Amino acid sequence: MVAGSLTGTISAQNAQQEANLKAAFIYNFTKYIDWGSYNRDSLFIIGVAGDSPIMQSLNAIAAADRINNKRVIVKSINTGADIADCDLIFISNKCRMSLNYILSKTRPGVLTVSEQPGFAEAGTALNFVVVNNRLKFEANLKAISAAGLKAGSQLLKLAIIVD
Amino acid sequence: MNKILVVDDDVDILSLVETILSMNNFDVQAISRWEDIYTKMDEFKPNLVLLDVMLGGADGRDICKNLHLDNKTRNIPVVLFSANPEMGKYIKECMAQDFVPKPFDISNLLKTVKTYVN
Amino acid sequence: MLKFNDISLRNKLILMQVFTSVVVFGIVFGVFIITDANSYKQRKVDSMVSIAKVLGTNSISSIQFQDPESATQMLQELQTVSPEIIRSEITNKEGQVFASYSKAGTETFSIPQILHGKSYSFVAQQLFVSNPIKSNNEVIGNVYLQVTLTELQRIKQYKYELAFILLLVALVFSFLIAVLVQGYLSTRLLNLVNVVRKIRKTGEITKAVEDKGKDEIATLIQAFNKLMDEIRENQKKKDEFIGIASHELKTPLTSIKGYVEMLNMLEQDPQKKQFVKKALNNINKLESLVKDLLDVSKIQSGQLQLEMKEFNIDELLNETVNASQMVSETHRIVKQDSPVNEMIYGDRQRIEQVLLNLLSNAIKYSPGENTVILETEKTEKELIIKIRDYGIGVAPEEQTNIFERFYRSNKVAVHISGFGLGLYICRDIINRHSGRIWVESAGKGSVFNFSLPLKHSPIQQIHA
Numbered sequence: 058m059v060a061g062s063l064t065g066t067i068s069a070q071n072a073q074q075e076a077n078l079k080a081a082f083i084y085n086f087t088k089y090i091d092w093g094s095y096n097r098d099s100l101f102i103i104g105v106a107g108d109s110p111i112m113q114s115l116n117a118i119a120a121a122d123r124i125n126n127k128r129v130i131v132k133s134i135n136t137g138a139d140i141a142d143c144d145l146i147f148i149s150n151k152c153r154m155s156l157n158y159i160l161s162k163t164r165p166g167v168l169t170v171s172e173q174p175g176f177a178e179a180g181t182a183l184n185f186v187v188v189n190n191r192l193k194f195e196a197n198l199k200a201i202s203a204a205g206l207k208a209g210s211q212l213l214k215l216a217i218i219v220d
Numbered sequence: 002m003n004k005i006l007v008v009d010d011d012v013d014i015l016s017l018v019e020t021i022l023s024m025n026n027f028d029v030q031a032i033s034r035w036e037d038i039y040t041k042m043d044e045f046k047p048n049l050v051l052l053d054v055m056l057g058g059a060d061g062r063d064i065c066k067n068l069h070l071d072n073k074t075r076n077i078p079v080v081l082f083s084a085n086p087e088m089g090k091y092i093k094e095c096m097a098q099d100f101v102p103k104p105f106d107i108s109n110l111l112k113t114v115k116t117y118v119n
Numbered sequence: 012m013l014k015f016n017d018i019s020l021r022n023k024l025i026l027m028q029v030f031t032s033v034v035v036f037g038i039v040f041g042v043f044i045i046t047d048a049n050s051y052k053q054r055k056v057d058s059m060v061s062i063a064k065v066l067g068t069n070s071i072s073s074i075q076f077q078d079p080e081s082a083t084q085m086l087q088e089l090q091t092v093s094p095e096i097i098r099s100e101i102t103n104k105e106g107q108v109f110a111s112y113s114k115a116g117t118e119t120f121s122i123p124q125i126l127h128g129k130s131y132s133f134v135a136q137q138l139f140v141s142n143p144i145k146s147n148n149e150v151i152g153n154v155y156l157q158v159t160l161t162e163l164q165r166i167k168q169y170k171y172e173l174a175f176i177l178l179l180v181a182l183v184f185s186f187l188i189a190v191l192v193q194g195y196l197s198t199r200l201l202n203l204v205n206v207v208r209k210i211r212k213t214g215e216i217t218k219a220v221e222d223k224g225k226d227e228i229a230t231l232i233q234a235f236n237k238l239m240d241e242i243r244e245n246q247k248k249k250d251e252f253i254g255i256a257s258h259e260l261k262t263p264l265t266s267i268k269g270y271v272e273m274l275n276m277l278e279q280d281p282q283k284k285q286f287v288k289k290a291l292n293n294i295n296k297l298e299s300l301v302k303d304l305l306d307v308s309k310i311q312s313g314q315l316q317l318e319m320k321e322f323n324i325d326e327l328l329n330e331t332v333n334a335s336q337m338v339s340e341t342h343r344i345v346k347q348d349s350p351v352n353e354m355i356y357g358d359r360q361r362i363e364q365v366l367l368n369l370l371s372n373a374i375k376y377s378p379g380e381n382t383v384i385l386e387t388e389k390t391e392k393e394l395i396i397k398i399r400d401y402g403i404g405v406a407p408e409e410q411t412n413i414f415e416r417f418y419r420s421n422k423v424a425v426h427i428s429g430f431g432l433g434l435y436i437c438r439d440i441i442n443r444h445s446g447r448i449w450v451e452s453a454g455k456g457s458v459f460n461f462s463l464p465l466k467h468s469p470i471q472q473i474h475a
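These protein sequences, in sequence, are chains A, B and C. First residue of the first sequence: 58, per the numbering used here; consecutive thereafter. First residue of the second sequence: 2, per the numbering used here; consecutive thereafter. First residue of the third sequence: 12, per the numbering used here; consecutive thereafter.
Be careful, since some hints might not be right.
Below, computed lysine-lysine pairings styled on DSS-like, alpha-carbon distance capped at 27 Å [stated by the list, open to error]:
| no. | chain 1 | residue 1 | chain 2 | residue 2 |
| --- | --- | --- | --- | --- |
| 1 | C | 284 | B | 112 |
| 2 | C | 64 | B | 90 |
| 3 | C | 218 | A | 193 |
| 4 | B | 90 | C | 145 |
| 5 | C | 284 | B | 93 |
| 6 | C | 218 | B | 112 |
| 7 | A | 193 | C | 284 |
| 8 | C | 104 | A | 88 |
Distance windows between CB atoms, simulated [stated by the list, open to error]:
| no. | chain 1 | residue 1 | chain 2 | residue 2 | range |
| --- | --- | --- | --- | --- | --- |
| 9 | C | 54 | A | 93 | 19 to 25 Å |
| 10 | A | 93 | C | 92 | 45 to 51 Å |
| 11 | B | 4 | C | 346 | 49 to 55 Å |
| 12 | C | 321 | B | 58 | 53 to 59 Å |
| 13 | B | 75 | C | 389 | 21 to 27 Å |
| 14 | C | 202 | B | 58 | 23 to 29 Å |
| 15 | C | 321 | B | 94 | 41 to 47 Å |
| 16 | C | 223 | B | 40 | 36 to 42 Å |
| 17 | B | 108 | C | 389 | 46 to 52 Å |
| 18 | B | 94 | C | 186 | 56 to 62 Å |
| 19 | A | 173 | C | 80 | 40 to 46 Å |
| 20 | C | 211 | B | 4 | 52 to 58 Å |
| 21 | B | 4 | C | 321 | 34 to 40 Å |
| 22 | C | 317 | B | 4 | 46 to 52 Å |
It is worth saying that the hints were derived from the structure and are not from the lab. Predicted, not measured: the structure shown is a model, and the values here were computed from it. We treat Cβ as the ideally placed atom computed from N, Cα and C, and that holds for glycine.
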C-alpha cells in the first residue's frame, strides 16, 4: 500500500508520488479513527477540495479497497453543499475555498485532513507536514473530539500533537 | 585282711582273675551274676571288690555308687575293671578307688590290688 | 581383582540396593531435569512469541506511516523490560530492516538465515524467534527476536547440582536402609554359616537355629538340621559300635593274655617257655593294634579327650624308659643324665603313650643295632624330647608323610609290622598339647623330636 520509498522521503519525488503517499496515509488513518454512531451509510465518501493529484491516488485506492468495510467514493468538493455527505474531507493546497468556510460547513462525523502548515492549529483534525524530508502529520485532539470522533493511540503516538 | 570279691560276667576272665589272685595268697570269691553281689558282700565281707563295669544288664558304676551309699558297705574299697579305657574318668564320680583296664598285665593287677586291699 | 562373588553376602545385598537406588534415582533425576529444561524452553518460546506478537501489533502503525523512530523506541523500551532479548528487529514485507535494536557487543548476522523459515530455533545457547506482522490478514512485516539463554544455563546448572546432592542423599539413605533391611535376609543365612564354621573348627555337631519359615533359606536350614541329626545318629552308632567292638575284642584278649602270662610264669621248660613268650609278644602287639584303632576312631570323630593336669616330666621319662627297657632284650635305652626339673601341664597318660610309641618304634626300626638314646633340651618356652636310633632312618621325602594315617613306608626292604597308626596318634596328641612333632634323619638313624610348652610360656594354651 505504500508506493514510493520506504521512509517516505519527499524531496526526490514528483507531485504524484507525494500524492500517492498521502493517499496511502489517509487510507491508513481511517483504520485508526472511530466514527462511532456517525457514518451509517453504506458508502464511505471522501471529498477532495481543490484540484489535487491526490484525486487520482484516492481513486486508485477506492478501486481496490474498502474503508470500514464500505465501498469508497471519491468526489471533488466545489461548493459547500458537496461537503454535507462526506465522511472524510481532504483540503488540498490547491483548494480555493477558505478553511474556515469549509470547517463551518463540516458536520460532526467528518474527518478533516489538510496539507498546509498551520491548518491543524486552525482547526483540521489531521494535517500533513514535512519534517526533515519525511512526511509526517499533525493531530488536533480538540478538533477530533469536536468532530465526535476518536483517534486510536497507535495513530496518535506517531502524530505531532497540536492544540 | 586279704579277702577279695571279683565280679565279672565273662566266666573265663572271672576264673583267670580268681586263679591269679589265689595263686598270690588272696582269699578270693568270684561271682558272675551281679544280682548276687549284695548278699555276697554280707556273707563274705571282702576287703576289696574288683568290679567289672559292663555287666550285661547293669552298670558297674551304679553298683559302686550304691555300695558306697549303703552304710554296711561304704568303707569297702572298690576297683573298677573294664575294657573301656575311658572308665578311668568315672572313678571319682562313683566313689571307686581305682581302675584296671582290660587287657591287663598281671603285675599291674597285683600291684593295684595290693595297694587297696587294706 | 575383586570378584563380585567374593564380596560377603551382607555387602552384596547392600551394594545391590544402593546400586539400584542410584541407578533409579539417576534416571529419574536425569529425565526430570531434561523434561524440565525442555518445558522451560517451551515456555520461553511461548513467551517470546507473545512478546513478538505484541511488538508486531504495536508496530503496525509505525510501518503504515513509515515511522521507524517510533518502532525503534519501542524496541529500546523492550530492552529495559526484557533484558534477555539482546536483539530485536522489525522488517517490512520486502525483508528490509525497518527498525532494530541490539545490545552493545552483539554480533550482527542475519536472523532469518539462522531460522531457515522456522518460527523459532535454539542455536548456540540462544533462542531466535520470528513472528509475522499482520494487518487485516495481510502480512506487512516481521518481528525477529534474539534471546539469550544464560538464565536457562544457570538454572540447568543449579538443577544438576541439586540433583547431584539429592542423589548423594538418596545414596546415603538407601545405604542406611539397605544396612537395616539386608539383616533380614543375611542374618538367617549367616547364622547357618557360623554354625557350619563352628562345626568345622571344633568338630562338634551342632544344629542351626530353628527356622519355621517356608522360603528357600528356611528349607536350607531345615535340611541342614536334618542332616546334622543324621550325622549325629551315625556318629552315635559308629561310636557305639566302636565301643562295643573294642569291648568285644578286648574281652577275649584279656583271657588270652592273662592265661598266657600265667603260662609264662609257670613254664620252666626252656623250649615251651620260648613258645609261650612268642605268643605273649604277639598278644601284646594285638592289644596295641586294637588300642590304636580305638584311638584313631576317637580322633576322627573328635572325641579324643585329654585330661590335663600338672605332672613331673622327669618321673614320667624315667618310668617309660624303664618300662620299655623291660620288654626289650635286643636294645639298651640310654637316658641322658641331667633332669629337666619342670612340671608339665598335660595328659600324663597320653604323653606316656607317645613316649612308649616312639621308643618302641626306635627299637623296631633299628634291627641289628642295639642302642636307643633319649635326650631332652630345654628352652625358655618349651621342652624338646628327642629319641635317637641308629636304624634304617627316614627318607627326606617321607619325613612328613610318616605322620599320616595308615602310612607305611614302602621304601624299606624289611617288613615292619603295624597299621601305621602310631605316629598319627602321637601327632594328634602332641598338637593338642600345642606342641610340635617331627623327625630328623640323614641316611643312617633318625631322631624323633616332640616339643611341649613349658608352664610359664606364652604358647601354653588350655587345649583339650
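Check your understanding: Do the Cβ positions of residue 75 (chain B) and residue 389 (chain C) conform to the proposed distance bound of 21 to 27 Å?
Key -> Since the Cβ atoms of residue 75 (chain B) and residue 389 (chain C) sit about 47 Å apart, the hinted range of 21 to 27 Å is violated.
Check your understanding: Does the Cβ-Cβ separation between residue 321 (chain C) and residue 94 (chain B) fall within 41 to 47 Å?
Key -> violated, 22 Å
Point to revise | Pairwise beta carbon distance, residue 4 (chain B) to residue 346 (chain C), judged against the given window 49 to 55 Å | key: violated, 41 Å
Check your understanding: Taking the CB of residue 108 (chain B) and the CB of residue 389 (chain C), does the distance hold inside 46 to 52 Å?
Key -> At roughly 33 Å between Cβ atoms, residue 389 (chain C) and residue 108 (chain B) fall outside 46 to 52 Å, so the hint is violated.
Practice item. Could you say whether the range 52 to 58 Å given as a hint is met by the Cβ separation of residue 211 (chain C) and residue 4 (chain B)? Key: For residue 211 (chain C) and residue 4 (chain B) the Cβ distance comes to about 55 Å; the hint holds.
Exercise for review: Could you see if the CB distance from residue 94 (chain B) to residue 186 (chain C) stays within 56 to 62 Å?
Suggested key: holds, 57 Å
Point to revise | Proposed proximity, residue 193 (chain A) with residue 218 (chain C) (alpha carbon, max 27 Å) | key: Between residue 218 (chain C) and residue 193 (chain A) the Cα gap is close to 108 Å, so the pair fails against 27 Å, i.e. violated.
Review point. Range hint 53 to 59 Å: satisfied by the CB atoms of residue 321 (chain C) and residue 58 (chain B)?
Key: Between residue 321 (chain C) and residue 58 (chain B), where Cβ atoms are some 40 Å apart, the hint is violated.
Review point. CA of residue 104 (chain C) to CA of residue 88 (chain A), is that 27 Å or under?
Key: holds, 19 Å
Check your understanding: Between residue 90 (chain B) and residue 145 (chain C), is the straight-line Cα distance small enough, at 27 Å or below?
Key -> It is violated: about 117 Å lies between the C-alpha atoms, which goes past 27 Å.
Practice item. State, for the Cβ atoms of residue 93 (chain A) and residue 92 (chain C), whether the hinted interval 45 to 51 Å holds or is violated. Key: This hint is violated: roughly 34 Å between Cβ atoms.
Check your understanding: Quick one, are residue 193 (chain A) and residue 284 (chain C) close enough, alpha carbons at most 27 Å?
Key -> Cα-Cα ~160 Å, so violated.
Hint check: violations occur at hints 2, 3, 4, 5, 6, 7, 9, 10, 11, 12, 13, 14, 15, 16, 17, 19 and 22; the rest are consistent with the structure.
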